[in-house]
Amino acid sequence: MIPYGRQDITQADIDAVIEVLRSDFLTQGPMVPRFEQSVARHVGAGHALAVNSATSALHIACLALGLGQGDWLWTSPITFVASANCALYCGAQVDFVDIDPHTYNLSPAALAAKLEVAEREGKLPKVVVAVHLCGQPCDMQAIDELARRYGFKVIEDASHAIGGKYQGEFIGNCRYSDITVFSFHPVKIITTAEGGMALTNDSALAESMALLRSHGITRDPQQMTHEADGPWYYQQIGLGFNYRMTELQAALGVSQMERLDQYVARRHQLAERYDKLLADLPVVTPWQHPDSYSGLHLYVVRLQLDELRTTHAQVFAALREQGIGVNLHYIPVHTQPHYQRMGFQAGDFPEAERYYAEAISLPMFQTMSEEQQDVVVSALKKALQP
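Residues 1154 to 1539 (our numbering) make up the sequence shown, in order.
By construction, these hints were calculated from the structure, which means they are not laboratory data. It is possible that some hints are incorrect.
Taking lysine-lysine pairs in the DSS-like style, the calculated list, with each CA pair at most 27 Å apart, reads [unchecked claim]:
| # | residue 1 | residue 2 |
| --- | --- | --- |
| 1 | 1429 | 1267 |
| 2 | 1429 | 1276 |
| 3 | 1429 | 1534 |
Per label pair, the in silico range of CB-to-CB distance [as the list claims (entries may be wrong)]:
| # | residue 1 | residue 2 | range |
| --- | --- | --- | --- |
| 4 | 1523 | 1221 | 47 to 55 Å |
| 5 | 1374 | 1183 | 18 to 26 Å |
| 6 | 1174 | 1384 | 23 to 31 Å |
| 7 | 1523 | 1174 | 58 to 66 Å |
| 8 | 1384 | 1167 | 18 to 26 Å |
| 9 | 1484 | 1266 | 19 to 27 Å |
| 10 | 1298 | 1527 | 39 to 47 Å |
Ideal Cβ positions, reconstructed from N, Cα and C, are used throughout, including at glycine.
My request is simple: use the sequences and hints to build the entire structure.
Shown next as structure tokens:
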């Protein structure tokens, strides 16, 4: 089976983790800050906070931005459910903005139209989560202009996008957002096994998220309500969570970061080759906005079903039967039973639903060989035949 994604673990990664295993700290030691500094320096952000998952990063980002009861969070329906669930964790309500038919990201035009209506109805969002699907950044400058006009905060869900760029600068520098979130799940571009990170240029947001990831506890005398009782003393000054990253995960992350640019460059080579190999097939290959340099976590094609005598499901099944571990990213969140119980229904976001009816994620990972890629293309050609 050729999987749609796969981690690359080298001897250097293994040695880095073993070194931590032999050290005095398996958690809350020096490696987590080192990993945070490595990512922050690479992308050009002021602060970075490593956590145990990107879902946790989204949660504390929302809390740090003050999202709560009576507030709205808007995001794309084409994303993993965590991009929306983070609002529900805070007691807020969720709505969605349809996607751009070319990038498959949240559409700035649809966002602008929805904001006009929401302003009249008094239902403007407090937070918009812009999801960089497949690693291609949203049109963040356009979203930022709308944020300034309507007064909402912006989180970049860049779980797919570390190593990518927008307008020539690395995604994660928060030029057009309040907080950016990365994921380090094994199928992502770099991995810490499980893990995530929140980045910001706002020191107050960074301080808030640091408290939230570790029970709301501080040992900083300046944050305490009174002088410490002694060197052992700490205070819980708010309600937080156990969202910390371990030293083992951070060591793996530090090692992986050394190959980040190499990984993304290899993904671009594979994508360019896919583009050529698939040019004559009845599929739409990924379109890249000229302002973006995608992290290329995923390579999604859309079937031109009007030119085929087979169905989406049949093509997917035929690929799996040939040992190609294709996947589908993602089922529109508003069609999930949990969200339909909130009142969402099929037809609410037509571009997202059209995308879902045609999309298939082909294998894309940095160690993929051209021979494996040829096998994928050959299997796709066969699957497209009736």
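To see whether the hints hold, each was checked on the structure:
1. 1429 x 1267: violated, 38 Å
2. 1429 x 1276: Violated, because 46 Å separates the two Cα atoms, which is more than 27 Å.
3. 1429 x 1534: holds, 14 Å
4. 1523 x 1221: 47 to 55 Å: Taking Cβ atoms as reference, residue 1523 and residue 1221 lie about 51 Å apart, which means the hint holds.
5. 1374 x 1183: 18 to 26 Å: Hint holds: Cβ distance 22 Å, inside 18 to 26 Å.
6. 1174 x 1384: 23 to 31 Å: This hint holds: roughly 28 Å between Cβ atoms.
7. 1523 x 1174: 58 to 66 Å: violated, 37 Å
8. 1384 x 1167: 18 to 26 Å: Once the Cβ atoms are compared, 37 Å apart, the range 18 to 26 Å for residue 1167 and residue 1384 is violated.
9. 1484 x 1266: 19 to 27 Å: holds, 25 Å
10. 1298 x 1527: 39 to 47 Å: With Cβ atoms ~44 Å apart, the hint holds.
Taken one by one, the earlier hints fail for this structure at numbers 1, 2, 7, 8, listed in ascending order.
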